[in-house]
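The listed protein sequences derive, respectively, from chains A and B.
My numbering puts the last residue of the first sequence at 587; the count rises by one with no breaks.
My numbering puts the last residue of the second sequence at 208; the count rises by one with no breaks.
One thing to keep in mind: the hints can contain errors.
Keeping only pairs whose Cα atoms sit at most 20 Å apart, straight-line, the calculated EDC-like set for lysine to aspartate or glutamate is [as the list claims (entries may be wrong)]:
#1 LYS524(A) <-> GLU163(B)
#2 LYS27(B) <-> ASP294(A)
#3 LYS70(B) <-> ASP90(B)
Quick partial rundown of chain B residues pointing at chain A, CB under 10 Å, derived from the structure [what the hints assert, rightly or not]:
#4 LEU122
#5 HIS168
#6 THR189
#7 SER191
If you are wondering where the hints come from, they were derived from the structure by calculation, not from laboratory data.
All residues carry an ideal CB built from backbone N, CA and C; glycine is no exception.
Chain by chain, the residues:
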Amino acid sequence: MYFLTEEERKRLLKGLIPKSRQNEVNEDLRGWNWHRPPLEPLYDVKLALYEVASRYCPTGRDLFLRRVHKVKPPPNKAMVLGSVFHDTLVTIMVRAKKLIYEKGVAGYQEIVQALREPDLAPLERHRASLGDEGFEEAMRRCRIIWEFEAARIIARVQEYLAKQPHIGEDSLVSLAIPVVVEQKLDGSFLGLSANLSADAFTFSEPMVLDLKFGERRPFHRLTTAGYALVMEALHEYPINVGCLIYAEFREDRLVISKDFHLIDDEVRQWFIEERDEKMRMIAEEIDPGRADDCRPACPYHATCWPSDGRSPGPRPRRPGP
Amino acid sequence: MEQDEGARVLPLRVSDIKQYMYCPRVVYYQYVLPVERKVTHKMEHGQLEHLELDRLEKRRKLVEYGLDEGERRFQVHLHSDRLGLTGILDLLLVTPRGYFPVEFKYSTRDPALNHKYQLTAYAVLVEEQFGRPVRTGFLYMSPGKRIQPVDITENMRIHLRRMMGAIRRMVAEERVPARTRSGARCRDCEYRRFCGDVL
Ligand code: SF4
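In isolation and in its complexed conformation, chain A is listed as follows (with noise of 0.2 Å):
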């Protein structure tokens, strides 16, 4: 899913990379300037990069119940579906690599066939709680992600075996598959934590990409903001692109939709707000009070609607001067 289509690659470079190089970022706000304001943090809390980027709730109330009063339920089924089925990719791209380096280009004929046979084992860990009903729907449909992406894969490795007789596995490895996924990255600079872990990051145009099993958001671009920004902060060097993948199951199919966007001075202003104010709310323990349009699916909603829906819960603090 990480893979750009030739289509893709053109709009990207034809479109959003000459877009980037002329419209600048303000120096302000490019990551490696986190030691000043107004990306330097006011706080000493950290955050995770989801909980910056995550406008689920739209008072921010789910962040101060966990942070402040420690309320932790058990995820709800989308989320978990959406973290099986994120684990199968990251699974089968891990997978292909190793087989490379370990059956060599000589040993091409085995990768294809272990890549045709699914791995399931990040799905086992949810059995319990799916249920075997969700568990077998699940189940199909983390074979259909797996089918679709080997057979990417597979395609990939062909097309370069094809034209470089004499390649390596470990350049093929970086020409077939050049995607690092769960890049692990410490935030503390932006005070974020010191343990993120970027869903996959592409070096030919350094850009960063992230994939949502569910409806497009537009607060989904605060995520790959703020991992450009902690990238920037460690590595030094901009990183002007993002990507939101966005899967969707309709029958045995597979649909994606990429939304490509700069990661421009607005969005990076906005990560930046949403972090300071978060940050505020955590350390002075202000209670932004309940949202007016609660999603049922909430994982918090019995906590700000217990039983009868009319009690408020924790009650809102009004912050101080």
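Dock chain B with the ligand against chain A, hints included.
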């Protein structure tokens, strides 16, 4: 830009956007807790610089903006009931290729972010008032007389709308915002003595 619920409630000025970006508390004091503030030397100086820029600009040719023909209108009053926003634009270039707002800035540094969103606010006001799309504006940076074109992007418009919403919410809820992250700004600020948590 959608009609904002708050637009009917609280009209804003383009300068509020700039102030809010400098420090949200400045806008809080102006709207929620109006307190007496002195006109500082810095503010008077700023006004004189503006007059000088105005005088210089009158000699400038349109070609320096990459445009060949058109009319220049100075100090254009802009207003939109729908957006709940008003402002006085330094210069509007009215050309066959479109309308271009120009803001004069007295600064030797590269344009700051607040300049960019002020220009965005003028751009949306020009669109409202004249019914013509604005794709590009200019920042005229002086001294140095640099002209910096700025594309008015969709994301800049969204950001402006978010800021206006945040200002209105802050005022409606009478909620003291966090202070600016830059301590240096507090040292120069005329409201400093009202901020209990600023050392
Ligand atoms: S129930 Fe509503 S207010 Fe509470 S955390 Fe969920 S979305 Fe937010």
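Evaluated hints:
Among the hinted pairs, LYS524(A) with GLU163(B) is consistent with the structure: their alpha-carbon atoms are about 19 Å apart, no more than 20 Å. The hinted pair formed by LYS27(B) and ASP294(A) meets the criterion: a straight-line CA distance of about 16 Å does not exceed 20 Å. For the hint pairing LYS70(B) with ASP90(B), the CA-to-CA distance comes to about 34 Å; that exceeds 20 Å, so the pair is violated. Hint on LEU122(B) holds. Least Cβ distance to chain A is approximately 6 Å, under the 10 Å limit.
Given hint, HIS168(B) at the interface with chain A, holds; its Cβ is 4 Å from that chain's nearest Cβ, closer than 10 Å. Look at THR189(B): its Cβ gets to within about 7 Å of chain A, closer than 10 Å, so that hint holds up. Annotation: SER191(B) was flagged as interfacial toward chain A, and the flag holds, the nearest CB pair being 4 Å apart, inside 10 Å.
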